[in-house]
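So you can see what is in the structure, the chains are spelled out below.
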Amino acid sequence: MRLLPYLLILLVGCTAGLAAMLALPHDKFLRYQGLNDSTAPTAYWIYERIHTDPSPIDVAFIGTSRIGLSMHSGRLEADLRRLGVSAKVANLHIVKTGVNMQYVVAKELLEARHVKLLVIEMTEWEDRKPHPDFIFLADTWDVLAAPAIVNLNYFSDLVRLPGRQADLFFQTQRRRLRLDAPSFVPPYEGPNLDHAEFIQTLDGRRHERLESYTQAEMDALRKEQERLTTPPLLPTSLNEIEFHLTRYYTRRILDLAKAHHTSVVFLYTPRYGGPAQPIPYQRYANRADLINPWAQVQDYALWWDGSHVNWEGAKRMTDFVASALASRKELR
Amino acid sequence: MLFNSYPFLLVFLPLTLLVFYGLRRFGWLGASVASLTLASIAFYAYWKPQDTFILLSSIVFNFFVAKGLVRAVGSRSRLILVLGVCGNLGVLFYFKYFNFAASNIAAACGVEYIARAIVMPIGVSFFTFTQIAYLVDCFRSRNSEPNLVNYGLFVSIFPHLIAGPIIHHAQMRPQFDSLRRDSTDPELIKMGIMIFVIGLAKKVLLADNLVAGADRVFNAADQGAAPGFATAWTGVISYSLQIYFDFSGYCDMAIGLALLFGIRLPINFDSPYKSRSIIEFWRRWHITLSSWLREYLYIPLGGNRHGELMRLRNIFITMLLGGIWHGAGWTFVIWGALHGSYIVANHILRLRAPRATGQTQNSKQARLVALAKQLLTLLIVTLAWVFFRAKTVAGAGTLLYSMATGAAPSANPLTLGPTLYFWIIVGTLIALFAPNTQQLTRYTANLSEPLRLASTPTLSALFSRTPVFPATPTMAFLCGLMFAVSFAQLWRPAIFIYFNF
Numbered sequence: 001m002r003l004l005p006y007l008l009i010l011l012v013g014c015t016a017g018l019a020a021m022l023a024l025p026h027d028k029f030l031r032y033q034g035l036n037d038s039t040a041p042t043a044y045w046i047y048e049r050i051h052t053d054p055s056p057i058d059v060a061f062i063g064t065s066r067i068g069l070s071m072h073s074g075r076l077e078a079d080l081r082r083l084g085v086s087a088k089v090a091n092l093h094i095v096k097t098g099v100n101m102q103y104v105v106a107k108e109l110l111e112a113r114h115v116k117l118l119v120i121e122m123t124e125w126e127d128r129k130p131h132p133d134f135i136f137l138a139d140t141w142d143v144l145a146a147p148a149i150v151n152l153n154y155f156s157d158l159v160r161l162p163g164r165q166a167d168l169f170f171q172t173q174r175r176r177l178r179l180d181a182p183s184f185v186p187p188y189e190g191p192n193l194d195h196a197e198f199i200q201t202l203d204g205r206r207h208e209r210l211e212s213y214t215q216a217e218m219d220a221l222r223k224e225q226e227r228l229t230t231p232p233l234l235p236t237s238l239n240e241i242e243f244h245l246t247r248y249y250t251r252r253i254l255d256l257a258k259a260h261h262t263s264v265v266f267l268y269t270p271r272y273g274g275p276a277q278p279i280p281y282q283r284y285a286n287r288a289d290l291i292n293p294w295a296q297v298q299d300y301a302l303w304w305d306g307s308h309v310n311w312e313g314a315k316r317m318t319d320f321v322a323s324a325l326a327s328r329k330e331l332r
Numbered sequence: 333m334l335f336n337s338y339p340f341l342l343v344f345l346p347l348t349l350l351v352f353y354g355l356r357r358f359g360w361l362g363a364s365v366a367s368l369t370l371a372s373i374a375f376y377a378y379w380k381p382q383d384t385f386i387l388l389s390s391i392v393f394n395f396f397v398a399k400g401l402v403r404a405v406g407s408r409s410r411l412i413l414v415l416g417v418c419g420n421l422g423v424l425f426y427f428k429y430f431n432f433a434a435s436n437i438a439a440a441c442g443v444e445y446i447a448r449a450i451v452m453p454i455g456v457s458f459f460t461f462t463q464i465a466y467l468v469d470c471f472r473s474r475n476s477e478p479n480l481v482n483y484g485l486f487v488s489i490f491p492h493l494i495a496g497p498i499i500h501h502a503q504m505r506p507q508f509d510s511l512r513r514d515s516t517d518p519e520l521i522k523m524g525i526m527i528f529v530i531g532l533a534k535k536v537l538l539a540d541n542l543v544a545g546a547d548r549v550f551n552a553a554d555q556g557a558a559p560g561f562a563t564a565w566t567g568v569i570s571y572s573l574q575i576y577f578d579f580s581g582y583c584d585m586a587i588g589l590a591l592l593f594g595i596r597l598p599i600n601f602d603s604p605y606k607s608r609s610i611i612e613f614w615r616r617w618h619i620t621l622s623s624w625l626r627e628y629l630y631i632p633l634g635g636n637r638h639g640e641l642m643r644l645r646n647i648f649i650t651m652l653l654g655g656i657w658h659g660a661g662w663t664f665v666i667w668g669a670l671h672g673s674y675i676v677a678n679h680i681l682r683l684r685a686p687r688a689t690g691q692t693q694n695s696k697q698a699r700l701v702a703l704a705k706q707l708l709t710l711l712i713v714t715l716a717w718v719f720f721r722a723k724t725v726a727g728a729g730t731l732l733y734s735m736a737t738g739a740a741p742s743a744n745p746l747t748l749g750p751t752l753y754f755w756i757i758v759g760t761l762i763a764l765f766a767p768n769t770q771q772l773t774r775y776t777a778n779l780s781e782p783l784r785l786a787s788t789p790t791l792s793a794l795f796s797r798t799p800v801f802p803a804t805p806t807m808a809f810l811c812g813l814m815f816a817v818s819f820a821q822l823w824r825p826a827i828f829i830y831f832n833f
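Order-wise, the sequence lines are chains A and B. Note that the first sequence covers residues 1 to 332 in my numbering. Note that the second sequence covers residues 333 to 833 in my numbering.
These are calculated hints, taken from the structure and not from any lab test. As the structure is a computational prediction, the values presented were derived from the model and not from experiment. Note that beta-carbon positions come from the ideal geometry of N, C-alpha and C, so glycine has one too. Be a bit skeptical, because a hint or two may be false.
Estimated spans, in silico, between C-beta atoms of each pair [as the list claims (entries may be wrong)]:
| # | chain 1 | residue 1 | chain 2 | residue 2 | range |
| --- | --- | --- | --- | --- | --- |
| 1 | A | Glu-208 | B | Gln-555 | 53 to 61 Å |
| 2 | B | Pro-339 | A | Arg-251 | 29 to 37 Å |
| 3 | A | Gln-277 | B | Ala-377 | 44 to 52 Å |
Work out the full structure, taking the sequences as your base and the hints as a guide.
Right, dumping it as C-alpha cells:
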C-alpha cells in the first residue's frame, strides 16, 4: 500500500474516532463534579442548586470571586424581606475571570429554572481572556462553536474535548454500574452558598474573611493592580476584535435572558481604587440597568485584598444591593 | 516536551516533519539533517531553555575531546580519554548526586547540611552515558565523527534524548550518512506511525490508568500508613505494570518517531516479564542500559577475566552502580544491590545446580519448570520495584511488611476501585501473553534487514499463530482509531517515569 493512501485512511480513522467520542453521552452532574480543585469550589453546588434543590431562584448572581465574596445571599434575602420583598437568592459564582464561564452558568440556569432577575457581574475594564475552566463545564457544542478569534483557549479546549467526553462517558458508566463512586461528592450545603463571610475549602477548613490592610498596604496593592492591568492594545477602531470574546458572551447572556423572559441588571464589583463607573457599561446601557456600589466601599478597611472586599465590605455591598433590588418591579 | 502532549503532537512533530521532508523534496538532504538537529535542540530547550547551554556545552566538549584523543597517541590519548570521562561524570555527579553525597557525608560527620538548590537538567544521565560510550569507542577505534552537526544530532536526536535508548555512534553514523545521500523509505514512515501509536496507547491507555492505584498505596506507605495485605500487593502489582507499560510505551514511541525520519533506534524493551531468570530479565529490560553497563563498566572492572569470585563481585558492583544511575537515594542503592544479588545468585545457581536452571527433557515438566521460573522471576522483580518506587526506605519497609504479613486493619482503609483491577488484568494479560511491538510490526534495528510491514489481509494477519499488524487499509483505519482514542486521553497528560532519571 502506498504511503499517501495509507496516511489518508489513517486520518479518516482518527477523525472518525474523535467525532465518535464527541458524541458520547454523559451525566452532566459528573461534569460539574469535575471542577472541584479550586480553593473556593462552587461548580458542584451550582449544579445541585439548579437541578436538585426545589427552592426557587428568584434572583441569581453570576460572576467571579468578586461577586462570590461580596454578595451574601442569606443576608440579602433578609434585607429584602425587611424591605417587603420575598425572594430567594442564589450566588452562582465561579472563581477566575472569563465571561464565557458566566455564559455557561447562565445557560444552565435559564434552561432549567425560571429566574426573575439575573444579576451579572461587571468589572472596571473589559476582560480579554476566556475562563481557563470553560472546557470542564461547557456543553460540547458550546466548546465547538466558541469564537476562535482572539480566544486564547479555543484550540486547547477543542483538542481536549474528545478526552473530556470519553472521560465523562466512562465515569457515567462506572457510576451506573456502581463500579466507582465519583472521587469526591461534597455534601450539598443548602440553597445558600457564599464565600462572603468565610471560605470553606474542600478539606472542610473554614477561613474567616475578617482581615483588612492598612491604607498604605492597600495603596501598594492598588498600584500593583494598576501596573498589572493591560490597557487596550489595539486602536479604538479594533476594540471589537480585542474584546470580542467578552462582548460576544455578554451579548449571548443578554439574548438568552431575553429569550427566557428574565430581566437583567449589571452589578459593578469594583476593585480597590478603581474608577467610579465601570467602563464597559456604556456599551450595554440600553439593555440593562447598573447597580453601582462603588461609593460604599471606598474605605480601605473594607478590603480583603486588591480586588475583593472583606466580610465588612461584603455586608455593605449586600445591603446596598438589597436596597437597589427592592425597588425593582420584577421582585414586587 | 512530552511525546504524549498536544504541543508535541500538534505543533512540534508536524512542523519538524514538514521542514525535514520539505527540504528533502528540494534535494537539500544535508539541510534536512541540520534541521533535525536544530529541532532536537529546540525540543530540549522547551523544557528549560537555560539547560540547553549544558547540553550544547557537553556536545561541544565531547566532540573536541574525541577529536583530541584520536589525534593523540599512547598514554596521552588515554589521559585525554580519562579526562573526558571524568568531565562527563563530574557533570553527572554535580547535578545528580552532589546533594545526596554531601548530605550523607554531613550526616556521618554529625554536621548539618543545607542542600544546594541544584536542579538536574532533564536527560543528563542519558546524554552523559551516550557520550562516555562515544569517547571510549573513539579511543578503541581511533576514529571520531568529523562533523559537529552529525555529532550534535547523534547526541541530541529528540526521540532518544530524554530517556534513551542509549545509542552508539557506530549505529547512527551510517544512518546519518544515508540521510545525507539517499531519499527516505516510505515504508519506514508507515512502520514508524504504527509503532508510535502502539507506544502511545501503551502509555496513555495502560500505564496512566494504573498510576492512581500505585500512587495511593505507595504514598500512604511513605507517610507511614501500612496498607492491608491485598491492597499492598495490588498497589505494587499496579506499579510493576505501570512502569512496564510506561517504559515500553516510551521505547516504542522513540523508535516510531525515529523511523518517521528514516532512522532506526535499537530495541530497548523485549517483553521482560516473560523472562525465566533474572539474567534474562536484564537482557530484555532497558536493553541498551544493560549493554552499556556490561560494555563500559562490567568489562573494564575485569568482567570474567579473574575468576568466578571476581566475576560475581563485578556483576554486583555493576548492578549496584546501575541502581544508583537511576537516582540519588538509598532506595535506588538498595534496588541496585537487590538486582546485583539476584544476578549473582542466578549465576551461582547455574554453576551449582545446572539442571535446575537448564533445559528439562519432559515437555510437560519443562513447561511447569518454565512457568515456575517465570513466576519466581516476576516475584523478585516485583519485590524490588517496591524500593524503586518508594520515596523512602521506611516507606518501602512498611509496604513489604504489609505484603508479607498484612497490616492491622486501619480506621480508614485504602480502597482501590474495581476499575483498577480491570486494568491490572488487562495489563497482566498483555505483558505476559501478547506479542510485543517488534513482533507485531517485524521491526529490527539491524540495518542489513529491510523493514516492511506485512501485507497479508488484516484478519489472517491478526489471528495467525504469530500475529502481525499489516499495512492494509483496515489496519490503517484501526491505527487511526487507536491514535484518536489515545489522543483523547492526553487531556490530562502524565510524565514518563524514566524522564526522572
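Quiz item: Among the hints numbered above, which are violated by the structure, and what are their numbers in rising order?
Solution: Hint 1 is the one this structure does not satisfy, whereas the remaining hints hold.
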